[in-house]
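Protein chains in written order, with our numbering: chain H, 211 to 612; chain Y, 211 to 612; chain D, 211 to 612.
Derived by calculation from the structure, the hints in this document are not laboratory data.
Fair warning: there could be bad hints in the mix.
Claimed, not checked - Once the Cα atoms are required to be at most 16 angstroms apart in a straight line, the calculated EDC-like pairs of lysine to aspartate or glutamate come out as:
id, chain 1, residue 1, chain 2, residue 2
1, H, K265, H, E597
2, H, K418, H, E512
3, D, K245, D, D225
4, D, K608, Y, D242
5, H, K222, H, E494
6, Y, K222, Y, E243
7, D, K245, D, E399
8, Y, K222, Y, E571
9, H, K567, D, E243
10, D, K567, D, E539
11, Y, K231, Y, E303
12, D, K265, Y, E268
13, H, K354, Y, E597
14, Y, K608, H, D302
15, H, K418, H, E494
16, Y, K567, H, E356
17, Y, K354, D, E571
18, Y, K222, Y, D242
19, D, K567, D, E597
20, D, K354, H, E512
21, D, K265, H, E268
22, D, K222, D, E238
23, H, K222, H, D242
24, H, K265, D, E268
25, D, K222, D, E529
26, H, K265, Y, E268
27, Y, K222, Y, E597
28, D, K567, Y, E356
29, Y, K231, Y, D242
30, H, K245, H, E399
31, Y, K418, Y, D278
32, Y, K265, D, E268
33, H, K608, D, E268
34, Y, K265, H, E268
35, Y, K536, Y, E593
36, H, K491, H, D446
37, H, K491, H, E512
38, D, K418, D, E494
As a plain string of letters, each chain reads:
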Amino acid sequence: MNEFEQYISNIKNTDASLFQKDILLTWESSVDELKTVLNIADVLKYLHTNNISAKLFESGIAVSLFRDNSTRTRFSFTSASDLLGLSVQDLDEGKSQIAHGETVRETANMISFLSEVIGIRDDMYLGAGNAYMREVGEAIDQGKAEGVLNQRPALVNLQSDMDHPTQSMADFLHLTHHFATADGSSSIENLRGKKIAMTWAYSPSYGKPLSVPQGVIALMSRFGMEVSLAYPEGYDLIPEIVETAGTFAEESGGSFNVCNSMDEAFQNADIVYPKSWAPYKVMEQRTELLRQQDTQGLNDLEKSCLEQNALYKDWECNEQKMLLTKDGEALYMHCLPADISSVSCNLGEVSAGVFEKYRTETYIEAGYKPFIIAAMILANRFENPSEALDYLRRRNQKRIHT
Amino acid sequence: MNEFEQYISNIKNTDASLFQKDILLTWESSVDELKTVLNIADVLKYLHTNNISAKLFESGIAVSLFRDNSTRTRFSFTSASDLLGLSVQDLDEGKSQIAHGETVRETANMISFLSEVIGIRDDMYLGAGNAYMREVGEAIDQGKAEGVLNQRPALVNLQSDMDHPTQSMADFLHLTHHFATADGSSSIENLRGKKIAMTWAYSPSYGKPLSVPQGVIALMSRFGMEVSLAYPEGYDLIPEIVETAGTFAEESGGSFNVCNSMDEAFQNADIVYPKSWAPYKVMEQRTELLRQQDTQGLNDLEKSCLEQNALYKDWECNEQKMLLTKDGEALYMHCLPADISSVSCNLGEVSAGVFEKYRTETYIEAGYKPFIIAAMILANRFENPSEALDYLRRRNQKRIHT
Amino acid sequence: MNEFEQYISNIKNTDASLFQKDILLTWESSVDELKTVLNIADVLKYLHTNNISAKLFESGIAVSLFRDNSTRTRFSFTSASDLLGLSVQDLDEGKSQIAHGETVRETANMISFLSEVIGIRDDMYLGAGNAYMREVGEAIDQGKAEGVLNQRPALVNLQSDMDHPTQSMADFLHLTHHFATADGSSSIENLRGKKIAMTWAYSPSYGKPLSVPQGVIALMSRFGMEVSLAYPEGYDLIPEIVETAGTFAEESGGSFNVCNSMDEAFQNADIVYPKSWAPYKVMEQRTELLRQQDTQGLNDLEKSCLEQNALYKDWECNEQKMLLTKDGEALYMHCLPADISSVSCNLGEVSAGVFEKYRTETYIEAGYKPFIIAAMILANRFENPSEALDYLRRRNQKRIHT
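Bound conformation, chain H alone:
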């Protein structure tokens, strides 16, 4: 059985249907559903590498709505959509009439008549992004049910206030390949028992969203990994999500612990993921101030937070810290861009040396994202993903006609 057949067989075996289900938060999906997405992503990457077209759509629109800046996620979404045959149309709220009192329900339907997927990034306001995505989802459910829409577009969370599923799934897929078995085949099982340190790290900026650390702990805890979350006192994540990670660890036979020491988390870790974020209570305050357009309040908050951050400048992932990890050779991960000391800032999340050592690995990690997004679209829009993928192989259409 070759690589392709193995993935297809995995998909068939899990038998988990994601048809017309959005993965807005990975913790709402079953482990089998997540495995299906991972396997589909692997097949799509296999097809791309082997110059086989993955065009399942002859036409159709992929709507992209970014309420925050983005380069890599924007390109990942466009690439994923294009890979499957869809054309991206930005919903630019600046250009559109959304600002003029349109309801979410109406707009969601108006952009969906010939659309197959809607990708949304909305991570600025705690309590808002995930809620907005659900509202859009309900609107298009209703549009389909009422005969307004011929099809119900897939909804892809490209980062919300709560989760960043395309990031955490791409991160996890990277791990299945990095910790491949001897014959080179990727393996979810090999990650059982591996220790990952998801830690806060110092940054000279503030207000970074919580979705990455939250997404990582809630996902990695589902596959029997030893998840260690570390941050300076006060830099808590949303408590419910942390609890969920604990429950998942128990269920999956892994472990989950929270501590206030980077060193403790790094101790004997197989993987480290040091990344700055703002305490969720600060994000709540910030959301309130942004809503009130209280510029003075926002400036004061930023100032006090940066002062607070500055107390933890030793939370830098550097050569010394890496020595604490398993054989001093843990895999360093980051969602990029990282704040690299003496490169992108004076002092940041990671030393130049450590980053440079793992730079290529972080690029490879990022390279899984387009395939994860495409897999989420495919799983949502095709009742039988393994059949659709098998069709692509049988069709054997070259992607580039060399």
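Knowing the structure of chain H, use the given hints to seat chains Y and D on it.
This is chains Y and D only, laid out in the frame that chain H set:
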């Protein structure tokens, strides 16, 4: 004869060629030409619903130029272009060198070398939008004639100061389906004798373009409908277009009347289309002030207009008004977004109850627009539309490879 | 042998591989390599004219990065990409996180996972544009080598501070057709001995980039043409590039001379290319001032330069000047938009009469650009371009299914 064959047969029977003709104003097209567009749109919707690809172009650019904000028309144009196989490229006058003294003729040719369609929205200045579109049309006529262009792109009016043909045609197509015959088949003939009330309605904003009411009266009057136009004294549309509607009504065996009472227009109506607009004389003044960049003048004009509007707050389409219509059950129409009382504003064009009752209908109405646009492109670019559509059915390429 | 076969045979005969080579500066490519691009462009235009699809990619992204405004080059790049089957995604530095300290290397990889081409315009800063493109090129070389990227995207210079290869190559292709042999077939050989006057011309604006005149003299000198460069004293181009043109003229059996008189350059010229630019020393100063954000300095520089320009108002290409050329009938060329006296400005680069006489020719000249860009992509991404083009003819897929 099934639905598809019926539409194809209709197209063949009318035998009206729109090849290389732009529909900038519906009143410049023959009734048969308009019927052809409607039938093509129906076929394209049929193909989409039945998962048959309508890709007639393997490559080609669709240029979109929006001189006013838009969500729904932008998505409709992109969706229509993509359905036929074209890729949209925005002509963003902010990004481009148009502001630097380029002539319309030159730009029109420069963007057209590999382009198959140019869609333009230009509705802000009375006397300008339609004139600009004609200038572009002449430039590409000349470019084709002089050997600069291999093909002459279709020009689609996505809303001008005078007409909004993709809106009025989508509205009309909706009516042919809403008033279908017993066996469910759409019918233009069934609309003969139906009364439509195109009326002004109160809105707390001002300066809404005239193209929708003008487009509606000039189109609906061509198919034997009883068209009633109502507005408060002074809120006149462009007189020539109103005259045209009168002539059409006579020719088509329908009727056309103008009154200053919403109640009178609603009386026994089968369809109501209540929508705010600014008097054309105000639009003229506004255009002049915008050209002179007279901010004070614009503010004064807005103030006086809003005061004027406020005299007609009873021009709201509410439950009471709807009781006047045929069996109290007239179809409510709107191009969206509507100003909905106590939803998008305190008091607006339509009460929340009436809007909610017809909300799904207005969404379905909007859903015809992508197909109308695609039909206009197809009719303009293909010498024999029925043959092209027949080819699509024979090719029978799945749009989604499920 | 028909036209198509002639071009294919030319490509096979030169046997110059541009596979995975970027043409950032035409003077770094061999004459045979440039001929290959010209012939590929001719084939692609032939296919387009004859309604044969040139889609070699079933999916894939074309990244466009414009650091300066553009209409025609933007549309040319989009059209070229679409012709080959690629979808454009803008890298909008305003929207992206590039401004937040990302390194060029990282961004270059992040946008390239499923990308086949990256087109860049970066012409504002002398000493920066070409350097930036090289940095991007090295980043994706490395990304491919390190296994980050499945493919190494082609890099297309859409105008830098030094060269504008898609412009000069389109200009040259235009000449091969304009000076075709009696049977109508284009010919590079016919240009041998033809005199082209690349001259400065007066413009009421300042700061126009040097890339066009530099690109033109460095390219036209390679094919045995008599190249005459003329500008008022002080309006020098980058000296190294001027030297290169001289060397090329010697090697190719043509000639190259520099003078300070428009009349002298026009004398007996077969082709004139009058165009404004700023002295390279001014561009250096301007770059320095822009970097320092010295607004006062920039205003002072502009003022003094415009005063300087005003001394040379007689450098206008008008009917009198044209009388000096070969039979008074030299071909007028311009990259557009031109500053046309009494059309786009009071007094400019060319009189209204001369421009109008050659207007259609300048449009046709511009029309070659999309095909030149597509040819550069094809030559870079396909190991055997003649085979790829032959495949397209054999496949004989209609571009429009009429």
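| query | Would the pair Y/K231 and Y/D242 pass a check requiring their Cα atoms to be no farther apart than 16 angstroms? | reply | It holds: about 14 angstroms lies between the C-alpha atoms, which stays within 16 angstroms.
| query | Is H/K567 within 16 angstroms of D/E243, Cα to Cα? | reply | Given that 16 angstroms is the threshold and the Cα spacing comes to 39 angstroms, the pair is violated.
| 16 angstroms limit on alpha-carbon distance, applied to hinted pair H/K265 and H/E597 | Given pair H/K265, H/E597 holds - Cα atoms ~14 angstroms apart, limit 16 angstroms.
| request: Measure nothing beyond the straight line between the CA atoms of Y/K265 and D/E268; if it is 16 angstroms or shorter, mark the hint as holding. | output: holds, 14 angstroms
| message | Just to be careful, I want the Cα atoms of Y/K418 and Y/D278 compared with a cutoff of 16 angstroms; is the pair within it? | response | holds, 12 angstroms
| message | For a C-alpha distance cap of 16 angstroms, please report whether Y/K222 and Y/E597 respect it. | response | holds, 9 angstroms
| Are the Cα positions of Y/K265 and H/E268 separated by 16 angstroms at most? | holds, 8 angstroms
| query | Holds or violated: are the alpha carbons of D/K265 and Y/E268 at most 16 angstroms from each other? | reply | Holds: D/K265 and Y/E268 sit about 8 angstroms apart, inside 16 angstroms.
| request: For the pair supplied as a hint, D/K222 and D/E238, confirm whether the alpha-carbon distance does not exceed 16 angstroms. | output: Given pair D/K222, D/E238 is violated - Cα atoms ~21 angstroms apart, limit 16 angstroms.
| request: Could you grab the alpha-carbon distance between Y/K536 and Y/E593 and see if it respects the 16 angstroms cut-off? | output: Violated: Y/K536 and Y/E593 sit about 43 angstroms apart, past 16 angstroms.
| Do the alpha carbons of H/K222 and H/E494 lie within 16 angstroms of each other, as the hint requires? | Between H/K222 and H/E494 the Cα gap is close to 43 angstroms, so the pair fails against 16 angstroms, i.e. violated.
| query | Within 16 angstroms, alpha carbon to alpha carbon, are D/K265 and H/E268? | reply | At roughly 14 angstroms apart (the allowed maximum being 16 angstroms), H/E268 and D/K265 satisfy the hint.
When each numbered hint is compared with the structure, violations occur for hints 4, 5, 8, 9, 11, 13, 14, 19, 20, 22, 25, 35.
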